Amino acid sequence: MSGNLERRYRRVLRLLPGWYRDKWEEDMVAAFLDGWLTGDPDADEYITRAAGPSAAEVASVAGLAVRLYLSGAGAPRRHIAWGQAMRWAVLAVTLVQATRGLDTLVLTSWSRHLFGWLPVAPASLAVTVPGGPWPPAVWYLVCYAWIVVFVTLVLRYYRTAQVIAALAIVPDLVQVLVGQFGARFLAAPIGPWAFWILLNLAPVLAMTAFHRDGPPAAPERWLLALPAVYLLVYLPLLALQATGNSAWLPDFSGLYCLMVALACLAHAPRARSRQAAGSGVWSLTLALLAADAGAYRMFSIADYLHDPHLISVCLAELLILLAAVALVAPDAARAARTAAPAPPPCPDTMAA
Amino acid sequence: MTGQAFFVLTALAGGPRHGYGIVGEVADLSGGRVKLKIGSLYGVLERLAAEGLIEADREEAHDGRLRRYYRLTRNGRGALAEEAELRAATARVVRARLGPSGAEAAG
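Residue numbers (our numbering), protein chains in the order written: chain W, 1 to 352; chain Y, 1 to 107.
Honestly, I wouldn't trust all of these hints.
Taking lysine to any residue pairs in the SDA-like style, the calculated list, with each CA pair at most 20 Å apart, reads [claimed, not checked]: (1) Lys23/W to Leu66/Y; (2) Lys35/Y to Gly21/Y; (3) Lys23/W to Glu51/Y; (4) Lys23/W to Ala81/Y; (5) Lys35/Y to Arg17/Y; (6) Lys35/Y to Asp303/W.
So the derived list for chain Y, only partly shown, Cβ under 7 Å to chain W, looks like this [unchecked claim]: (7) Arg17; (8) Gly19; (9) Ala56; (10) Arg67; (11) Tyr69; (12) Leu98.
Using C-beta positions, here's what the derived DEER-type ranges look like [to be verified]: (13) Gly78/Y to Ala56/W: 51 to 57 Å; (14) Ala91/Y to Arg159/W: 19 to 25 Å; (15) Leu235/W to Glu55/Y: 43 to 49 Å; (16) Gly78/Y to Arg21/W: 54 to 60 Å; (17) Gly64/Y to Lys23/W: 29 to 35 Å; (18) Arg8/W to Arg71/Y: 42 to 48 Å; (19) Arg21/W to Glu83/Y: 27 to 33 Å; (20) Glu55/Y to Ser109/W: 26 to 32 Å; (21) Gly63/W to Ala81/Y: 40 to 46 Å; (22) Glu83/Y to Gly35/W: 26 to 32 Å; (23) Gly64/Y to Ala166/W: 41 to 47 Å; (24) Thr2/Y to Pro122/W: 19 to 25 Å.
These are computed hints drawn from the structure, not numbers from a lab.
These figures come from a predicted structure and were not determined experimentally.
Heads up, the beta-carbon is just placed ideally off N, CA and C, and yes, glycines get one too.
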């Protein structure tokens, strides 16, 4: 009697992980059919022919599937590793964005003489606000918003972080669209699109991996990582810029590749020893970050096609990234299949 | 504790229920405000079972399908009582702050 309706619902349930279906599928199907069938043979025959799971029902199953795949609640270790690696990768990307925001905050404060004890900021360090449809205040607000997103994510205010991040990526999208229409679809820049998709949209979507069921991050370590990354990475770059050596500076995409490559090198001894608890999840995290950084580098090369020297630099950055990630790839692959339970996450490797 | 989990535990406080029975009871308890979808219900049930707040009671055949009934555990009863007390205390504070004018506006 329930044949077609049941079949349609079971098809939707295929979104769920196999281990979960083994445990709950029959129960879910029974509850679903109870909601539809009346006990009257004529009515039930019509219902099973004509009815199907509603969009809201499908959405609830899809939401459950995302949570199960990414959170690892009650899941086999393989899923736990993927979920954990995804959360750490999102934290790392928002850390990168927050560090950019911190850099803007420091440079703006310096150029406005808020640090009275410092000499006047060199002109080469002036913050350049990109042109576009937004007043500069919006651009500054977006930069600082990422600091708030990072801090709220680390402190487990996930919903707040998701809402602020979703709002923060809108002005950039408008900016990219305006650039696209301004170029009349001819020779429109690819780099801004790649940046928006890989460093704005992707982390915001992947924030669904954060919720109460997931193991908490170690907040004090991640929070310390923000000034640490700023001091270790951005200050040397500022020094180069201030001393007129900015020709040596990679662009943001190149810097992202090199930072991930350095993190891979720092983690490689642990990944090779396979003994450190949670090393596999870190390797998987770094592999995800390398994929993100590599994709951004590849797409943004398109904006340098006019300069063979810059293309060589971009390709060298990609090769360095590939070589570095190859060192942790076997450990990451092992973690993707079966991973040991991870210890509380520690961002020290990222800050290295 | 989420609102959905609170309603599911409250539904089971009246005795063991099967999946769709919980959906109906939650709708009744909330005056129709909370309409659980099956995917959401089983997300909540799975979490509550993992926390040891509910457990399977029995299975019964109905129209050729097995209905699994769930019941509150001792811990579940305690957690529900604690949550109810917390919510009642919060409601008392809100009512006190709103005063009689707030009650009139709500009424």
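Results for each hint:
{"no.": "1", "hint": "Lys23/W to Leu66/Y", "verdict": "holds (14 Å)"}
{"no.": "2", "hint": "Lys35/Y to Gly21/Y", "verdict": "holds (12 Å)"}
{"no.": "3", "hint": "Lys23/W to Glu51/Y", "verdict": "holds (16 Å)"}
{"no.": "4", "hint": "Lys23/W to Ala81/Y", "verdict": "violated (29 Å)"}
{"no.": "5", "hint": "Lys35/Y to Arg17/Y", "verdict": "holds (16 Å)"}
{"no.": "6", "hint": "Lys35/Y to Asp303/W", "verdict": "violated (51 Å)"}
{"no.": "7", "hint": "Arg17", "verdict": "violated (11 Å)"}
{"no.": "8", "hint": "Gly19", "verdict": "holds (3 Å)"}
{"no.": "9", "hint": "Ala56", "verdict": "violated (9 Å)"}
{"no.": "10", "hint": "Arg67", "verdict": "holds (5 Å)"}
{"no.": "11", "hint": "Tyr69", "verdict": "violated (10 Å)"}
{"no.": "12", "hint": "Leu98", "verdict": "violated (26 Å)"}
{"no.": "13", "hint": "Gly78/Y to Ala56/W: 51 to 57 Å", "verdict": "violated (33 Å)"}
{"no.": "14", "hint": "Ala91/Y to Arg159/W: 19 to 25 Å", "verdict": "holds (23 Å)"}
{"no.": "15", "hint": "Leu235/W to Glu55/Y: 43 to 49 Å", "verdict": "violated (57 Å)"}
{"no.": "16", "hint": "Gly78/Y to Arg21/W: 54 to 60 Å", "verdict": "violated (32 Å)"}
{"no.": "17", "hint": "Gly64/Y to Lys23/W: 29 to 35 Å", "verdict": "violated (21 Å)"}
{"no.": "18", "hint": "Arg8/W to Arg71/Y: 42 to 48 Å", "verdict": "violated (31 Å)"}
{"no.": "19", "hint": "Arg21/W to Glu83/Y: 27 to 33 Å", "verdict": "holds (31 Å)"}
{"no.": "20", "hint": "Glu55/Y to Ser109/W: 26 to 32 Å", "verdict": "violated (58 Å)"}
{"no.": "21", "hint": "Gly63/W to Ala81/Y: 40 to 46 Å", "verdict": "violated (29 Å)"}
{"no.": "22", "hint": "Glu83/Y to Gly35/W: 26 to 32 Å", "verdict": "holds (27 Å)"}
{"no.": "23", "hint": "Gly64/Y to Ala166/W: 41 to 47 Å", "verdict": "holds (46 Å)"}
{"no.": "24", "hint": "Thr2/Y to Pro122/W: 19 to 25 Å", "verdict": "violated (53 Å)"}
Violation of the numbered hints given earlier is confined to hints 4, 6, 7, 9, 11, 12, 13, 15, 16, 17, 18, 20, 21 and 24; the remaining hints are satisfied by the structure.
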